[in-house]
Every structure is written in structure tokens, then in C-alpha cells.
Amino acid sequence: MTNLPNGRRTVTLERVTYGFALKTAARLGGAFKKTESGRQIVIVLRLPVGSAFDEYVAAASVMVREVEALRNFAVAAPRIGNKGGIDFQTISSDLKSRPSLLIVWPSGYAMPREIALAADRAVDVGPVRPFHLVAGAKQFASQNIDLAEARKMMEYPLSEVFAAFRTGRPASSVLARLTEMADNAPRPVDGPSLGDLVGYGEARTWGLSLAQDIGAWREGALAWTDVDGGLLLSGAPGTGKTMFAGALARSCGAHLVATSVARWQAAGRLDDTLKAMRKSFDEASTHKPSILFIDEFDGISDRARVVGTEHETYWTQVINFLLELIDGHERLEGVVVIGATNHPDAIDAALLRPGRLDRHIKISLPDNEERKHLARTYFGDQLSESDVEAIAAATAGFAGAHFEKTSREARRAARRTGRAVSIEDVLAALPVPKRIAGGERRMVAIHEAGHAVVGVRLGVGELKTVAVPWEAHASHPLGFAHFQFDENPLWDRQEYLDQVAVTLGGRAAEEMILGTAFDGAGAAEGCDLHKASDLATMLELQLGMGEGLAYFNLKSVEQRDRIRQNNTVVAARVERLLGREMARSREIVTRFRAAVEKIADILAEKAIIEGDEVRRIIRETSR
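Numbering (the UniProt record's numbering), first residue to last: 1 to 623.
Hints listed in this document are in silico derivations from the structure and should not be mistaken for laboratory results.
Incorrect hints may appear among the rest.
Claimed, not checked - SDA-like, lysine to any residue: derived pairs with alpha carbons at most 25 Å apart:
#, residue 1, residue 2
1, 362, 152
2, 362, 342
3, 362, 211
4, 152, 236
These figures come from a predicted structure and were not determined experimentally.
With the hints as constraints, model all of the structure from the sequences given.
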């Protein structure tokens, strides 16, 4: 679309204001420099995310008509179809026939090589600033606006500011109208703020800090470049990632745009998916400050995992487009992008680089004290302290989402009889746990004692607790041995091998003491054998600590699984390493059999044993 003749473009406050932002970018691109006679200059002006493309194109036409130094430029722009497709053929024609060009390029679209090669310079157009609005009002309507008033106006969507601004209407009246409209707008859905949440640890701390920074940014006391603009939030299903996003938006006084990769894909074909992605970013940019929450972020895939597949072209375009949108959002103030995932290792590395989603916070399951707080929050203060203790014990391994679901069911039961929620209502709404007793309890106790003894003997971290609960809910482990490690440890080869041996220690104890092996060590993804195989694969193919030095870029569980399945040489190397470490675990279990059995006896009887007690038993039985 070549925007000629310029005389057809009506001058409006919006276009004059946009023109000042365009003029600054054009100056950076060299448009105002004197050039040799007859030389064509081509400057691409890349618009910020969320910008009104057609209005910026019109603004560029007004600008070259009004600014004498730019009258030798023609304005060109691509055509954007109804489904988001782009046609730049008219620009190709203009590059051959027109004088110097200012090409207005929309955000979120990759620039074709032909245009990139022709351009003398491509410049990012900055967001509209308060002083642009001041200058625009002065030039368009000869009206003086105080810079402080302009800053307050800029807290509202630009489309609303320009709608409220009329020639002769005082700035105070414009602000009053904007404020009144905002006050009468639908209120956000009620819900907890960050101050009400528990079990979110570092994420909650980060969110509270962000709320302070956004407040300072609103007041003009902090540049947006000093505000964290991207976060990757990970955690098991049900840990409350979506709840966190809502609480964060409420605490920041920000607009929440909640979407997901699945929702983008549900729009239809590739063009429809890209259009849906752009729409989410545009909404966030229009209602700044805003939180753009993208759930199932790993669904975007990783280019390294799709190479050679039939979907490679599709996913490459989707990922590249998302990178452009995120980079575009960085040029526009007021938008924080949060990607949520259950599988952080499946994210394309480019999305996690500085300036994008470069901070990663993992939400863990709530501990006992946090579960007590959740019990009071969801079930009411009428419960006694002993009731709260019982609920906390019965919900070990539960996430915040489980409490929310249980609360709905317990309150429903209480409403039927017109009373407050009781401990009986809560316990009745919980999933029926599996009882761990008899021979199964003995087996689990031996297994966990094996992990504990091998770990203590090899000095792998610090053993804090070993436990075999009396009951366990579906998908929850039947027992655990909890080792605490230093933050950001630097491990050598032997420490990695020791970790493999500890992971195999439970299976070794089953074999050496019970004379057989049970299916728990290899029952599902994430089991002991899976973890040990993954560690062994990393040792062999990534860390140069195995039989060879060649490096393979294996970032995900799926990639490591695939190479073991498809490469018999790799599978054999992994199996040899596992065999050697299993032999070490068996030797330790055999030598300290008395300690393993005594620890297992305590677990079977009392359900839990502290690390100090385990270490004491090992010392006493080895004398």
C-alpha cells in the first residue's frame, strides 16, 4: 500500500502526536541528513507492539507533507489482510520507481530480505511519550497542556485519550472524563492479592517487588527499562500458576490478559494462530500496565526438538513470531509477560535470553505450615487448631488448586444443612488415600532406607528426613528420602556418579535385603530408574564425563529418552555406567545392612526419621 497522494490524509491530534514519535525515529535513521543529489534513501520505521498501524501510516503521510526536510520522501507500507497475512509487493514496486522511501512496518511481522537489503537503516519507533502529547496538542489545536497532566493522561489507553480530547476542551476536563469512565468501568473479578497467598516463596517476593516498581513507574520515578518485563513460572500441575497471575495483576493494579498456547492454536491454521498471538499482545499493550499470562508455554515447542519433523516449518514460524512479539513488547512500556509451564526444560532457549523471559521461578508444593494457612484461608476460622493440624497432615503433597477444589465441595456439603464447614466436611471431600501397610509398608521402608544409607555414606548433600507415611493419595510418592543441597553447586564427575548411585540405592536395598525387585523404581516417568538413566545420559553425552568427549545438546527429557531409544551405542554406554553404580550401591547396602534394616524398622513403626538419627544409626551399627 503506497500512501499517495499525501493530501488525502486528514490531520488529527492522534496523527500529529504519532508523527512526533515517527519524526524522532526518522531522524535516528538519517532522514534529515543531506545526501548526494539523486540518491535514494530507504528507511524502515518499525512500529511498537499494540500500535494502530493504519493511523501511524496516515501520521507518516501527514508528517512528510508538513515537515519540509522530509518532502522528498514517499511513504510506503505493506497491506495486512483480514486474517493477518501481509503483502509487501507494492513496496517492492516503490523501491524501483519512487524517490526516497519511509517504510512504515507493523510490529510482529518479519521483514522480507528484499526490504532489509534495500533499507539504509531500520529504526524502532518508540512509544508515545507525554511530551509528544504536549507537542501534538500545541501544534494541532494551539492548546497548552502541562507535562504533569499529560503524564496522567498517558496512564489511560491512547485510544481513550484521543477520544476524550476535543479542540478547546481543557486538559482538566479531559482528565476528569477519563477518570470518570475508568471509575465506572467493570471491576476486576474479586480474588486474593499477593499478600493473601502462601506457598509461593520467591514468586510472591518477586511479585510484590514488581508491584512497587510498577507504582514507581506510574509516578514517573522509575524507567520501564528498570522493571522486570518477563518471567518463566514453572511448577507441578495445580500449584496455582494461574491464581498467581490473577493475584499479581490485582496487586499491581494491572490489566490481566490470560491466554494459553492451546487457545492460540485453537484459532485455526497458522495465519489464524499468529493473528491470535498478535491479538493477545495488542490487548496487553492497549491496556497498560498489564500482565500478559501465557499458560502451557512449553506448548510453543523447541526448535531443536522439531528439526526434521513434518511440523518443523510450522513451529519455526510460530516461535520466530513469538520472539518478535516479545522483543516488540520490550519497546513498549507497561507490559509484563509471564509464561507458565510444567516443563521448563522444553522451552526454546531463545525465549529465555536476556530481555525476554530471562527470570525463572519454580513454585513448589506448600509445606506443612503453608498447608495450615491454606486450611484456614479456604475452610474458615471456625476450625480448631487440632482440625487445622489434621487437614495439613491429610493434604501432604497437595497444591493450592487442590485446596480450592476441596473447599468448593466442603462448602457445598455445609450449605445443604445450613451450617459452617466442619472438619468432617473437609475430610469427606478429600480423595480417599491409599493405606500403606503390611508387606508393602516393609518394602517401601527398605527402599527409602537404602536411598538414605547410600546417600549418607557417599556424602551426597545433607539428609534431612526419611518418611513412609501411613497413607498416600494417588500420584503421590509412597515414601521419600529428602537430601538438601547447596545452591548452585559445582559438581565434579565423582559427585555426579555418587548421585546416580544414591538414586539406585532403593532398588539395591530391595534386591540385597528382600531378595527381589519391585516395580516402584521403574513404574513411570520420573521414577528412580528414569532419573538415573537421565543422569547417566548427561554424563556420557553432555558433560564429557563418560566414555567419550563429544557434546550433544540434549535439553529435554524427551530428547534424552529419544537418543537412548534410537542409538544402541549410547544405550550400551548408559547401561554400563548404571551397572557400575548399581554395583556400588549393592556393596554399600550389603556392608551396612544392619543400619538399613534398623532404619526401615523405625519407618515402618513411626513413619518418619530425621537425618541426624539416620547418621547415628549408621555410626553405631558400623562399629
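| said: Checking one constraint from the list: CA of residue 362 to CA of residue 152, max 25 Å. Satisfied? | reply: violated, 36 Å
| Does residue 362 pair with residue 211 here, judged by a C-alpha cut-off of 25 Å? | Holds, because 19 Å separates the two Cα atoms, which is no more than 25 Å.
| said: Between the alpha carbons of residue 362 and residue 342, is the straight-line distance 25 Å or under? | reply: With Cα atoms ~9 Å apart, residue 362 and residue 342 stay inside 25 Å; holds.
| Within 25 Å, alpha carbon to alpha carbon, are residue 152 and residue 236? | Measuring from Cα to Cα gives roughly 41 Å; hence the hint is violated.
Hint compliance for this structure: hints 1 and 4 are broken, all remaining hints hold.
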